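Protein chains: 2
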Amino acid sequence: MLIPVILSGGAGTRLWPVSRKAHPKPFMRLADGETLAGATIKRALAVADGSTSASPTTLTVTSRDHYFLTRDIYQSIRPDANHHFLLEPEGRNTAPAIVAAARWVAERFGDEAKLLVMPADHLIKDMSVFGQAVEAAGALAEQGWLTCLGVQPTHPETGYGYIRAAADLPGGGLEIDAFVEKPDLETAERYLRSGEFLWNAGMFCFTARSILTAVDEQSPDIAQAMNRVWEEVDATSDPIELPARLFSKVRSESIDFAVMEKATQRAVVPMDCGWSDIGSWQAISDLYESDRSGNRIQGEVVLIDGNNNFIQAERRLIAAVGIQDLVIVDTEDAVLVAQKDRAQEVKAIVDELQRHNHATVTHHATTHRPWGTYTVLEDTRHCRVRRLRIKPRGVLSLQIHHRHSEHWTVVKGQAQVQVGEDHQLLEAGHTVAIPVACPHRLENKTGDTIEVIEVQTGEYLGEDDMERLEDFYGTG
Amino acid sequence: MLIPVILSGGAGTRLWPVSRKAHPKPFMRLADGETLAGATIKRALAVADGSTSASPTTLTVTSRDHYFLTRDIYQSIRPDANHHFLLEPEGRNTAPAIVAAARWVAERFGDEAKLLVMPADHLIKDMSVFGQAVEAAGALAEQGWLTCLGVQPTHPETGYGYIRAAADLPGGGLEIDAFVEKPDLETAERYLRSGEFLWNAGMFCFTARSILTAVDEQSPDIAQAMNRVWEEVDATSDPIELPARLFSKVRSESIDFAVMEKATQRAVVPMDCGWSDIGSWQAISDLYESDRSGNRIQGEVVLIDGNNNFIQAERRLIAAVGIQDLVIVDTEDAVLVAQKDRAQEVKAIVDELQRHNHATVTHHATTHRPWGTYTVLEDTRHCRVRRLRIKPRGVLSLQIHHRHSEHWTVVKGQAQVQVGEDHQLLEAGHTVAIPVACPHRLENKTGDTIEVIEVQTGEYLGEDDMERLEDFYGTG
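Sequence lines, in order, name chains A and B.
Sequential numbering of the first sequence, starting at 1, is according to my numbering.
Sequential numbering of the second sequence, starting at 1, is according to my numbering.
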């Protein structure tokens, strides 16, 4: 039994302004229209035990905020699979997440079931090489090895940790000699020449028993703190929410540092599979075809006499003249312009914005909710205008606003509307008024997405002027 | 008598995306919040005859499209002045415009009244130098000279025409030896060294009689065609609209080529007044204070480690890292990124957009109307959402839509609303529905600007689904 375990945390700040806390890197759409989360679940399903049967099983560790959208993406790709979720109240790095996943796998499928740990936001081009590597890693894992999938370096990268390989193992793979920190450029060049080093890409394969035993031995504090977390969990529920009070007490640590760097029976399976961690706009740019001048362009762009630029327009026009080696990324509420070789430093922008609590760090103009999305079209002291898109059978919470009134105009489809005690079906082109302090609810009982324009007016228009009386999803 | 004649034509395409056909360069707001049109009318009023009296007179030649906004700007600056307008049905360059202005001035104030011709979209820093130059030019004009205000060159500019001065005239100014075309760099450097050349800045002073006589002599076809135009004009009306059919037959020509280059009694008054034609984003950038790294920044911008950039944000955040010598200008629907020394080539972008009839060439997301403004917040196949801002006592036309319905929600102030035969006063927070084919009108009878959110739905949502039944302004 091999269960893919997808770790989906982190904000991907180096891909701001597209990746933001509330809508991070796994949800970004790439050149082919697919999200990284979608690409990852496909990769997971391809190697999962039971991948060819009706119902392979996957396990994803993420946060409550990202649960609904992740589940929607997975179900759109493989609705019949068993997609399970562990929801972390906060990020505590990879070690606690992997322990929780191993406990879950052990309870469901026994100690000898294997975990294939993979980050949610990487890309792999060559699926057949990946599949062979997983098979080899699985075989080693069954013999008790803590196995890494190590990526063959293609250039002297200073941004990754490396794995130094030692002796070949019978039956494939190599024993690991050491994990080494991110090197300087000179060292990275030496690593590349030597042929003995692989990139540590955060992909692991081990049995639940092996990893839990190794954590017990190498980081007993994490093992014990996770025991207390797991005691409070109802492991039969789905999704499983890890208890916040206990989980916050677990040491935040990477599995590399907590276990792999010190454990004894460690193996690595090298793979040359066209891997990318999509760690910067430069990496995104590499996914696109370039024109004869080295420009890679998405969306509505007019470029006069430029070379080697990456330009991504979303809704508005980007026009440029005479520019070289730039990354330009436009979103509804923020535009990024960066020298390409400085693209990593987008993180510094996000840090600066964070210091000022700038909204663009966390939220997009469009917010994803379990029932669909809303986009703020206008936000002034006098009024707030939102476009609501409600998925088939989506239901907003029954709510009351104490300090503002609303008008809903249905502009597409048919909306089921409750205002006070009155229930009605509202057709496109029709409006309903929601007075202050009147309970109301919007629902899509049809099979097509509907659209509603909401105009809010009143003395106070904050999102927090809302009392939820009843919530289908428990989150709004 | 000296009448300032302001010529306001041209789209200012090199200042796209802020300057557009429907809202061109004179309406751009500068660092100090003033428009170029506002700065120009102030300059005009400062030297106009009667400038210290209750009611100086100005004359502006512009198009019907720009009349209301220009008049609003002028009146906000000097409501008691007599601001007169000649409206051209199309641009025919400066010669026909100046002939029309001279005819108007002659009829109102006699042949000996002087015109001070000035473009609407230039800047002059030193008003006292300008005032002295106008005085000297006025004295020469009274003696029958066709007088230019020539700007002392500060650098070897290849983008302007030059005036070669000859002998000093008694009482100030110099006789003109020749008008010369835009030079190449080498020639421009020679001009600068010689001290005999001045920039031709499109500012002239002459009596109505002098210029009309000179046009008769040098370009009799223009004189005769303009005679036919003027015969059809009611010169007592205001604004005066030049008849389209006849005006389109007048040769399109600059006053320089039609008259000044060939005329005999020509003088130039040199001035060193801090003049700029604001001909590119580089010139706009020069108006701003730079920080220690040479960056000039407007609006919400986060810049990490950049040098010598000009960045102008309007409503959204611009974030940049590691960039040099760039111009970045963001508007609601388009963003420009240009290498600074290529800023002149923004024109090439506009040409490219024009080939594709792109909306951003002509219109902004916000459109100015006589009654106020509207801003398109959302425009999809299903609906169109607009924010209407209606000036005190502004009245929209009484209109009918045949293919879409509308909902108005008042979000600020009190709107007078007519729907069919029903007239009502709608308070903020209230809505009215306008069915297809129902006559309706919106009016602001109060002293404060009001705001209305309009949601349009229906089978067709184009601006052209509108039949005007009655229009207060004759333009919508």
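Treat the hints as calculated values from the structure; they're not laboratory data.
The structure presented is a predicted model; accordingly, all values stated were derived computationally and were not measured.
Each hint should be verified, as a subset may be incorrect.
Same chains, same label: a pair holds when it works inside one copy or across any pair of copies.
Lysine to aspartate or glutamate pairs mimicking EDC-like chemistry, simulated, CA-CA at most 20 Å apart [to be verified]:
1. 347 <-> 305
2. 42 <-> 112
3. 340 <-> 112
4. 182 <-> 459
5. 347 <-> 300
6. 340 <-> 305
7. 340 <-> 34
8. 412 <-> 454
9. 412 <-> 238
10. 21 <-> 72
11. 340 <-> 325
12. 391 <-> 65
13. 125 <-> 467
14. 249 <-> 112
15. 412 <-> 379
16. 412 <-> 459
17. 347 <-> 88
18. 391 <-> 352
19. 21 <-> 175
Hints and how they fare:
| no. | hint | result |
| --- | --- | --- |
| 1 | 347 <-> 305 | between (29 Å within a copy, 13 Å between copies) |
| 2 | 42 <-> 112 | neither (24 Å within a copy, 86 Å between copies) |
| 3 | 340 <-> 112 | neither (47 Å within a copy, 64 Å between copies) |
| 4 | 182 <-> 459 | neither (54 Å within a copy, 60 Å between copies) |
| 5 | 347 <-> 300 | between (26 Å within a copy, 18 Å between copies) |
| 6 | 340 <-> 305 | both (17 Å within a copy, 14 Å between copies) |
| 7 | 340 <-> 34 | neither (24 Å within a copy, 37 Å between copies) |
| 8 | 412 <-> 454 | both (13 Å within a copy, 16 Å between copies) |
| 9 | 412 <-> 238 | neither (34 Å within a copy, 48 Å between copies) |
| 10 | 21 <-> 72 | within (18 Å within a copy, 46 Å between copies) |
| 11 | 340 <-> 325 | both (5 Å within a copy, 15 Å between copies) |
| 12 | 391 <-> 65 | within (18 Å within a copy, 44 Å between copies) |
| 13 | 125 <-> 467 | neither (47 Å within a copy, 57 Å between copies) |
| 14 | 249 <-> 112 | neither (29 Å within a copy, 92 Å between copies) |
| 15 | 412 <-> 379 | between (23 Å within a copy, 13 Å between copies) |
| 16 | 412 <-> 459 | between (29 Å within a copy, 11 Å between copies) |
| 17 | 347 <-> 88 | neither (24 Å within a copy, 54 Å between copies) |
| 18 | 391 <-> 352 | neither (36 Å within a copy, 40 Å between copies) |
| 19 | 21 <-> 175 | neither (38 Å within a copy, 70 Å between copies) |
Comparing the model with each earlier hint shows violations of hints 2, 3, 4, 7, 9, 13, 14, 17, 18, 19; every other hint is respected.
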